[in-house]
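K.L.:
If you read the sequences in order, they're chains R and Z.
Numbering follows the working numbering, with no gaps: position 141 of the first sequence is 141.
Numbering follows the working numbering, with no gaps: position 4 of the second sequence is 4.
Warning: the hint list may mix true and false statements.
Okay, the calculated beta carbon distance ranges per label pair [unchecked claim]: (1) Z/Ile-168 - R/His-11: 50 to 60 Å; (2) R/Arg-252 - Z/Ala-22: 31 to 41 Å; (3) Z/Val-173 - R/Ala-15: 16 to 26 Å; (4) Z/Ala-128 - R/Gln-95: 46 to 56 Å; (5) R/Glu-105 - Z/Leu-145: 44 to 54 Å; (6) R/Ala-21 - Z/Leu-157: 29 to 39 Å; (7) R/Ala-15 - Z/Leu-31: 25 to 35 Å; (8) Z/Gly-23 - R/Ala-61: 17 to 27 Å; (9) Z/Leu-145 - R/Ala-220: 22 to 32 Å; (10) Z/Arg-106 - R/Asn-12: 15 to 25 Å; (11) R/Val-261 - Z/Leu-145: 38 to 48 Å; (12) R/Leu-131 - Z/Gly-23: 56 to 66 Å.
Just so you know, the hints here were simulated from the structure itself, not pulled from any lab data.
Given the structure is predicted, the values throughout are model-derived calculations rather than measurements.
Backbone N, C-alpha and C fix where the C-beta goes; we use that ideal spot for every residue, glycine too.
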Amino acid sequence: MARPPSRRPGHNRKAQYSLFASYVVAMTGAAVGLLLVVVAIFDPTGFAAIRIATAEITRPASVTLKNMVSGVASIDEVLASYWRAGSQNVALRRQVEADRNRIIEAKAVAQENLRLKKLLKLVEDDGSELLTARLIASSSTSTRRLARLNAGRWQGVRPGMPVRAPEGLIGRIHTTTPNTAEVLLLTDTSNIVPVRRANDSVPAISTGLGDGTLEVRALAAGRNPFKPGDLLVTSGVGGVYQPNIPVAVIVRIAGEIAYGVPLANPSRVDAVVVERSFEEAVTRPEGNGPPAPVEPGAAQNSVTP
Amino acid sequence: MIDPHLQHVPRLGRHPSRFRLAGTPVITVMLGSLVTTLPVIAQSPVMPPFGLLLLLSWRLLRPELWRTWIGVPLGLFDDIASGQPIGSAMCLWTVTLIGIDAIEHRMVWRSYRQDWLIASFAIIFCIAGGVFFARITGGGDIKLLLVAPQILWTVLLFPFVVRQCARIDRWRVMA
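Just chain R, with the same shape it has in the complex (with noise of 0.2 Å):
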């Protein structure tokens, strides 16, 4: 193919200024969106706002489309367990047999449990969960890990309040619009949970790294103390998560730093209960019913007992 047609107007004024000014406002178009990247350095959050139509508006869209694909997301899942059907069968089988017994000594210990915690006039009541929804869509072409929730402000979803689904924890809410609200997960790079190995405690903290993984480095000096197959579950330091939602299992050491897979894979989970952030949850008012959303500001200022 030859040169395309030369966009050069030749001597007519008007097109020669036409072609100009489209060459400015470009420019400064450009400018403009580097200053919107500026800004968004030191208020992330900032333009939000511009995004609520576009959520509120392919929100319907995406709650479809989910509805239609929730069976179809785990069909690899599926597929993969027809692999070695045969002897994974008789594995599991020999697994349920040694489960059972377990199964009936613990429900032995949860009688006495709940038998002591009569005596001793132990009320549980955890009133930490807000709602639960499902995540409709996410940022899967930015490096980025956001996802679309479908629940926002008006149902009481707030920023900073944590997600978590059955299995483990997703992440965080990052920003709200009336009926979704934007859940920065676990895998994000600038989310940062400090956790706990789940049998003798060790202190760390796990960072996102964006491709599905997660950065865990223990908080003591030292030698790595981790190996792989621990668990990670957070340790409620910092008052935003629950203590004890199971987050990440170790697949990998590599010298001071262990990698780990987070155990809630947030494509295959069908809800996520969002809650209260932990120290909201725990320096509420005694009494009367649930409790009044608090603002972060003022959870900050009230003491922990």
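Chain R is fixed; fit chain Z onto it per the hints.
P.N.:
Okay, now just chain Z, sitting in the frame of chain R:
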């Protein structure tokens, strides 16, 4: 009476509406940006930026279609739809379009392969720039290696998208 089927057949002397001529490219690019509405909860940046791909396809297929400022509104829309900081695609897309204009003046001979090469550089520039912007606006320590697969299959997907774009274009100009 005329057979109703005949009314949809393109005929000589009929012109498509102005909305179809000018609106189709813009709408396709916006739909490309809205691919993030699909209910895929991605664990890593895997989805190719279809908005960018369609923008490049239209620009390289039809150089006379748009002025360079079209990158500003379309980029803004893409920023809103994707999770990138607002202003990122707005800046990168416009700079890309200006760059393509500058290259086009200097190139004497251009064919499909040169188009692909131009698009590849544009894709690498835009995705890498997006990573940079995401990193400086509080995204943490994002490595460029993380987007390498995304860059690879976006580049490989370009010929397919440009073909579909040409198909839409044929429909667009035929009444």
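K.L.:
Hint by hint, work out which the structure violates, then give me just those numbers in ascending order.
P.N.:
1, 2, 11 and 12
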